[in-house]
Amino acid sequence: MSRLFLTFLGTYDYIRCNYQNPKSGGYIEGERFVQIALIKSLCTKWTEEDKIIIFLTKLARASNWNDNGQIDRKIRERLPRLGLKNAIQNLKLPIDIQAVDIHEGKTESELWENFNIIISQLNDGDEIYYDITHSFRSLPLLVAVVLIYSRIVKNIKIKGVYYGAFETLGSQSAVEKMPEDERNAPIFDLEPFIALLDWSFATDSFLKSGDTIFMKTLIDQEINPILRKTKGRDRIAKLIKELINNLNALSLNIKTCRGNKLIEQMDFDHLKQTIESLEDLIQPKGGVNVLPPFLPLISLILNKVKAFRNEDIQNGLAAVKWCIDHKLAQQGITILQETMVNMVINVYSESEENSSLDLHNLRDRQVTGNALNYISAEEKKQKSWEFCSNKHREQVLRYADIINIEYAKIYDGLSQLRNDINHSGFLRDQAIDAVRIMEKLREYYEEVSRIKVKQTNERDF
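Read in the numbering used here, the sequence shown has 361 at position 361, and its numbers run on one by one without any break.
Quick caveat, the hints were computed from the structure, so don't treat them as lab data.
Errors might be hidden in some of the hints.
[As the list claims (entries may be wrong)] No farther apart than 27 Å at their CA atoms in a straight line, the calculated lysine-lysine pairs in the BS3-like style are these:
(1) Lys306 <-> Lys272
(2) Lys85 <-> Lys51
(3) Lys454 <-> Lys321
(4) Lys92 <-> Lys154
(5) Lys255 <-> Lys272
(6) Lys58 <-> Lys45
(7) Lys208 <-> Lys177
(8) Lys321 <-> Lys304
(9) Lys208 <-> Lys92
(10) Lys85 <-> Lys261
(11) Lys216 <-> Lys238
(12) Lys85 <-> Lys216
(13) Lys452 <-> Lys409
(14) Lys85 <-> Lys159
(15) Lys229 <-> Lys255
(16) Lys255 <-> Lys409
(17) Lys208 <-> Lys51
(18) Lys92 <-> Lys74
(19) Lys23 <-> Lys92
(20) Lys306 <-> Lys238
(21) Lys23 <-> Lys208
(22) Lys272 <-> Lys208
(23) Lys157 <-> Lys45
(24) Lys92 <-> Lys106
(25) Lys74 <-> Lys177
(26) Lys159 <-> Lys45
(27) Lys238 <-> Lys154
(28) Lys304 <-> Lys452
[What the hints assert, rightly or not] What follows is a list of derived Cβ distance ranges for each label pair:
(29) Asn90 <-> Asn184: 20 to 26 Å
(30) His103 <-> Arg418: 32 to 38 Å
(31) Asn303 <-> Ser415: 31 to 37 Å
(32) Arg428 <-> Glu222: 50 to 56 Å
(33) Ile119 <-> Glu443: 30 to 36 Å
(34) Asp189 <-> His103: 14 to 20 Å
(35) Leu91 <-> Thr256: 54 to 60 Å
For glycine and all other residues, C-beta sits at the position ideal for the given N, C-alpha and C.
Make a model of the complete structure from these sequences and hints.
Next comes the structure, spelled out in structure tokens:
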């Protein structure tokens, strides 16, 4: 793993100015090349294992890499100019310096060749510092794609992206007339835009998959360093970490079918309050603020969890919808069937003043499931008492007197799906196509969301 400073060299006759150090805020005075200012700011403690790589066209090599490459067009004579090559060497740093030729990018073929040239300079795990000041035409976008691509295939780490804003001083002719000590040009650190890209990707991954793995990675990369630096006092960083940890708990509870956590223990009010507090903190309030672009991302997360409420049995259905959205078939089937049991126990408890049914009691859950199976079997003219023992018949019949037949049919259908999945599709007479499993889960979810648990008319079994 090496540290790499990547930069592009242009062809203009650059004017001396004072570039602001992006780290310290002071100025590196009297430099023609922004590259020298950045090298002095970033690379003075680098070693022979690190690299400075300058990408340049043939014209840039002739004009600014070598000494005296600029020509006075009025008198057709070369101007005395120190080239970037010797300017870097004069710093006497132990760093490997490479000038790499690229094409001007006038054709699609040249663009792809440039892509491959840049990629070839990067090795697995490299830390990249990227200067975009003199990249031209399509190169800024090309290098952005290279860096994003290389983060995946070569595991590079983008440590900084910089732009020397010479143009803030005015036109070149105006700057030439300006005293040199007044030519103070900022170097913008564009790293927050990379961070925004990271958070956008992580949020998109969460919204599409329900997985927080990329968000958890960003806690280590982005949030924990801030908390260490501020000794835990950065409120936004604390809230982001808290939010992601809560989202991770929600995701894991759904993946592992922890229905008890979802309907009884998770504090969704606090989760939503955390999101709202973040929204309030990063609202633009005047001045420079890099955080407002994060607002739409946070709003998307709030929309994702808004169906969940504290101590609400309906959280089971919200979790099933989550499973459907993220193709978690087995979890969705299990949670939906167990939620149906919860809903029956809840309805029965409301109907019977002296009911002592407990959602957490295995016997109560088994009897409830038996009642649903009994009703479904009666409807199908099967031997319904096969589904329960004699000692539970009285309870089952009391259940059966209130449970909607259509509700029981859905429970039976879910039992078949659950059995098919648990046997990995090896049951010849029950196995169905994977796509159909997801379709039936959605159908059952929509039906359970629509119909009532309790029937309106008594039945005579």
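Against which earlier hints does the structure fall short, listed by number upward?
Checked against the structure, the hints that fail are numbers 4, 6, 7, 9, 10, 12, 15, 17, 18, 21, 24, 27, 30, 33, 34, while the rest are satisfied.
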